[in-house]
Amino acid sequence: MRFTSTIFKNFYTVSIWTFISRLFGFVRDIMLAAFLGSGPVGEAFIIAFSLPNIFRRFFAEGAFNAAFIPLFKKQMHNKEEAVQFTLNTLSTLILVLLTFCSIAILLMPFLVFAMASGFGSDSRFELTVYYGRITFPYIFMVSLSSLFGGILNSHGNFKATSAAPVILNIFLIFALLLSHVWNLDTGLMISISIPLSGLTQLLILIQASRRLGFSFKIVKPKFDKNLRRLTIIAFPAILSGGVIHVNLLVGRQIASHFEGAIAWLNYADRLYQLPLGVIGIALGSVLLPTLSGKSHLNNPMEMNKAVHQCLKIAAVLTLPATAALIIIPLPLVSVLFERGLFSNLDSQSTAKALAIYALGLPAYVLHKIFTPIFFSQGDTSTPFKIAVIAMLANLLLALSLINFFGYLSPVLSTTISSWMMAGLLYQQSRSLGFRISFSSFTPYLKILLATSILSLILIIVSVKSSQLLIASELRSFYLVFLILFCSAVYFFILWSLGINKKTFS
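Okay, so the sequence shown: first residue is 1 according to the numbering used here, each after it adds one.
FYI, nobody ran anything at the bench for these hints, they're computed from the structure. All clues given are correct.
Simulated crosslink set (BS3-like; lysine-lysine; CA at most 25 angstroms straight-line):
hint	residue 1	residue 2
1	Lys159	Lys501
2	Lys305	Lys446
3	Lys305	Lys501
4	Lys9	Lys305
5	Lys220	Lys74
6	Lys222	Lys74
7	Lys502	Lys312
8	Lys312	Lys446
9	Lys305	Lys502
10	Lys74	Lys225
11	Lys502	Lys9
12	Lys446	Lys501
13	Lys9	Lys74
14	Lys159	Lys312
15	Lys79	Lys217
16	Lys220	Lys79
17	Lys74	Lys159
18	Lys9	Lys312
19	Lys501	Lys9
20	Lys9	Lys159
21	Lys501	Lys312
22	Lys502	Lys446
23	Lys217	Lys74
24	Lys79	Lys159
25	Lys305	Lys74
26	Lys79	Lys225
27	Lys222	Lys79
28	Lys352	Lys464
Pairwise CB distance ranges, derived in the manner of DEER restraints:
hint	residue 1	residue 2	range
29	Ser215	Glu473	54 to 60 angstroms
30	Ile453	Glu81	50 to 56 angstroms
31	Asn183	Leu107	29 to 35 angstroms
32	Lys220	Lys79	18 to 24 angstroms
Idealized CB from N, CA, C, for every residue including glycine.
Start from the sequences and build out the full structure, keeping to the hints where you can.
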């Protein structure tokens, strides 16, 4: 079917570029770990960079596209109306973002304290405020980029929006190299590189949108019916993104009271974000424009086909990734980060967090797949209500577990609350016509069997050859060989069980 091949094609494009971006991100993180470790400059930068990233998820990624793409798709039949809607939205967004960024930069000390109150009594606080004021304008550029990305995605162009994030990591790597070679202030250099990368991303997406025939100019914002509708839909989505990232705030707050913990949780987060980005975020970004199209709106059968296809793709890729992150977290962390100022103790502490994060990876991916079902129908309030429930559960769990698990308590609470959110999203999606029938379970059982065999191999290898993977000088070679070997075995088992292209049709 046509929509089947389209989803595959778009997912392939998004996931490949996301994978490339995450690879550059790992190079960046390896360099950050080597040059800064878990010291004060490293932790100050992590918090400073977290601030625009948290608000980016408010204004940009899920929240804005959840409202903009379905409305823009409805306007596309009349180009003049689509252009007018876009210009009005663009001008309003610029005004809102300029106001917000100005206030945030002025109130940066309060934002830093809200993120990491444990910094209040040492040098990390002033450093974080300084870096935060430099990095925060990134939110302005990347939020505008989200609008142009929504235009491109609505036209089936996922390449430019997927490739743009690579620029951030390239700029950061260049800044790290420059500061290392010329003995410059590393924290300052990497902070400056962030808004510069955001500006570059924005210019690239503007140019890509121009190629579609759109010309852009700033107009006087007019609060017409389309903008009112956008606001009504976007507001719960923004709040939903906000309460989800309160979980991150809780984690940072707790971690700031344990020396080195912010760096440990950050690097663990970076590792599990690789499969989440390549699989979950890629599928979600492709699924929303698909479900917002005319053929899928108010058509439960077509919607079910598209979502089930995404679930099968997710299962094939997510389950083995989850197994690997749970069974061999220490070799992965050790090979990637343990050098320079990043010690063996840092590796062990990061690996513990990574294994717990990985337990929630399938739930995070399910969240990215189920949410577009609601957003495509203009329902942003249901995901918001579910996010609030999950946030409250996360907060209560994190605070109640801190005396037992220390810096790992927010990781464990986030994992538990993510499964709660995924379950509630599925339950509520049934009211929109989504179903998982018992007859469709067979492919998932086969994928689970293949993953179980893969897990057994990883357990045996991790027990018998742990020193080769952790302490050997050739540990990188052994780890790469293990990953390639296990991947080959896994996909051979899938093929033997009859999991092939027809499975996803």
